[in-house]
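Residue numbers (my numbering), protein chains in the order written: chain W, 160 to 440; chain B, 11 to 367.
No wet-lab data here; the hints were simulated from the structure.
All residues carry an ideal CB built from backbone N, CA and C; glycine is no exception.
Label pairs and their calculated CB-CB ranges:
| # | chain 1 | residue 1 | chain 2 | residue 2 | range |
| --- | --- | --- | --- | --- | --- |
| 1 | W | Gly383 | B | Asp302 | 50 to 56 Å |
| 2 | W | Thr397 | B | Ala280 | 31 to 37 Å |
| 3 | W | Phe233 | B | Phe100 | 47 to 53 Å |
| 4 | W | Thr397 | B | Asn21 | 25 to 31 Å |
| 5 | W | Arg255 | B | Arg34 | 45 to 51 Å |
| 6 | B | Asn94 | W | Gly405 | 45 to 51 Å |
| 7 | W | Lys261 | B | His201 | 38 to 44 Å |
Cross-link-like lysine to aspartate or glutamate pairs, in silico, EDC-like; alpha carbons within 16 Å at most:
| # | chain 1 | residue 1 | chain 2 | residue 2 |
| --- | --- | --- | --- | --- |
| 8 | W | Lys347 | B | Asp317 |
| 9 | W | Lys246 | W | Asp258 |
| 10 | W | Lys222 | W | Asp426 |
| 11 | B | Lys28 | B | Glu64 |
| 12 | B | Lys66 | B | Glu27 |
| 13 | W | Lys246 | B | Glu263 |
| 14 | W | Lys246 | B | Glu260 |
| 15 | W | Lys347 | B | Asp321 |
| 16 | W | Lys222 | W | Glu200 |
| 17 | W | Lys277 | W | Glu430 |
| 18 | B | Lys274 | W | Asp241 |
| 19 | W | Lys314 | W | Asp436 |
| 20 | B | Lys41 | B | Glu53 |
| 21 | W | Lys425 | W | Asp226 |
| 22 | W | Lys257 | W | Asp236 |
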Amino acid sequence: MGKETKSKWKGFSLRPRKEMPEGLWMRCPRCEHMLYRSAVEKNLNVCPECTYHFRIDAKTRIKYLVDEDSFQQFMGDLRTDDPLGFKFRGTSYKQRLKDDAKKSDAKEAMLIGSAFIKGRGVIMAVMEPNFLMGSMGLVVGEKFCAAVERAMEEKLPLVVVACSGGARMHEGVVSLGQMAKTSAALAKFDEAGGLYICVLADPTTGGVTASFAMLGDCIVAEPGALIGFAGPRTIAETIKVELPEGFQTAEFMLEHGFVDMIVHRKDLRSEIARLVDYCRK
Amino acid sequence: MPDNNSSKDGNHLAFEEKVADLDRQMNELRKLTSVKGIDYSSEIRQLQRQQVTELKRIYSSLTAWQTVQVARHPERPLLSDYLNLMVKDFRELHGDRCFGDDRAIIAGLGQIGRERVLLVGQDKGKTTKQKIASNFGCPNPEGYRKALAKMKFAEKFGIPIVTLIDTPGAYPGIGAEERGQAQAIAANLYHMSRLRVPIICIVIGEGGSGGALGIGVGDRLAMLEFAYYSVISPEGCAGILWRDGSQAPEAAEALKLTSKDLYKLGLVDAVIPEPLGGAHRNLHDTVHNVEDYIVRTLRELRRVKIDTLLDNRYAKLRSTGVSATEKLRRRTKAGRERIKEALEAIPGKGKRVPAKV
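Next comes chain W alone, as it looks inside the complex (with noise of 0.2 Å):
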């Protein structure tokens, strides 16, 4: 380096500058400010202005929901085994699965662990959306029935945060019998007097809402999150008509009864402990 000894100044450019706010600056979404990005962090990821909440993974969801080094993973590496050899535009399911776990750092599209909240002792299950979109195949079924079988014999509540887009068509009808699964642990789960908590987080849609986070004995959601049945894509095109504002928001679902509560992202913990607390047997 001590070598470059020439000025690297190459005189104005109209370009914009790629690295600056790809690091340090980014802009909301919502209301479109250009926000510092370490401010956003400090801020648990939510826009200072508008109280956007950007979607975080699942490794900072747990470090902002749980007391510190709480938190002891298990099935860290279940793995799926592509159940249908699922080919598609010249790439395979395997390949997608090895990007995405390049990409997003993770190994597949849900956490499961034991952790204390504010000193509450629980199981959780936390879900990736950098991973497939989040989806729901063949080891976030498994990963979740083992959270609740877990919970159910050391009698903990369970705390699951769904974030995902549906069911993981890679793997076809196992993904789709990935939501029957689910629901009937938590009905068994149920029937032995468990407590579970469900936080939907933006976007829960498809077959994960239609299964597991629509069960919570407490339903709550992350202000302004996508929360629906179908994608609102699907439902523009098919009836073909323009989407009212808000509709499928967190505010949408709270307003039409589906959803217990909204709660702001740094209220979180402390609105689950109570909730453990008032459940407590």
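Keeping the supplied structure of chain W fixed, place chain B upon it in accordance with the hints.
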């Protein structure tokens, strides 16, 4: 023998060109017979024989996309046909006691064989008027809620439940979302896994994703031979993964949505055979096969104690997808261990582990 009356010209699928051609020829000869009074019966019989071989050839090796087309055939028997031919004394029960009565899902009490059952099924409608009334077989939340309400009623009196699945999918509309399509389906999955009566589910045509699953959780899941069952429509899948809806045939192949593939994967318990050339060519035989399956299976499930039945149902649901792959893995793992033990028993070879089993 194919019933010629039910497969008139214009209702042949694209891959049945040769069959259509033979049909045309036969009609021609019949016309000549009646007009000119010449006896062509031996020729007709020969053509019929040819047609049978042709149908056998085509239908023994349908591609996934062709299967989807057969499952969507406009003359394929619908729920109403099964109700007419299979269910005695059907009494329809309307309404979800909450919002309305969805015509896409029909529920009611009836008798199949000697068993009283609660029949729940999706109806696409035959005439245009019926089709519109039943929303082309796409249920709204009230349909699923109606199904659940009637199933709970049946549970109370120990009446077994039979569901006939035939839907392109749950309806994606504004009203459906407002009334909680997702919640309605989720509630059905949840409760159907614990209902204390035997449940048999049969896919008779299209098994479209969550919309099909919403009445498709039970002790047995069967499929008609040329029905399909998929997590997403082939068109939808092609639109997303291929970014081109016209690649649906390829998507259909990749999704493994035919009864044969699903049976191999252990996701379907039984495949009910269809008559030669598909269900639409012989309605009565199709319905009879389905009836036979229901009667047989009900007899079998009746023998099981209800608690055992529920345990089995849970074990079946819990092992979805695991059954095929995990069992295999477990088996190879056990095999590997057995071999390892055997090797350790041989003096001097204790540390060698076989590379692959």
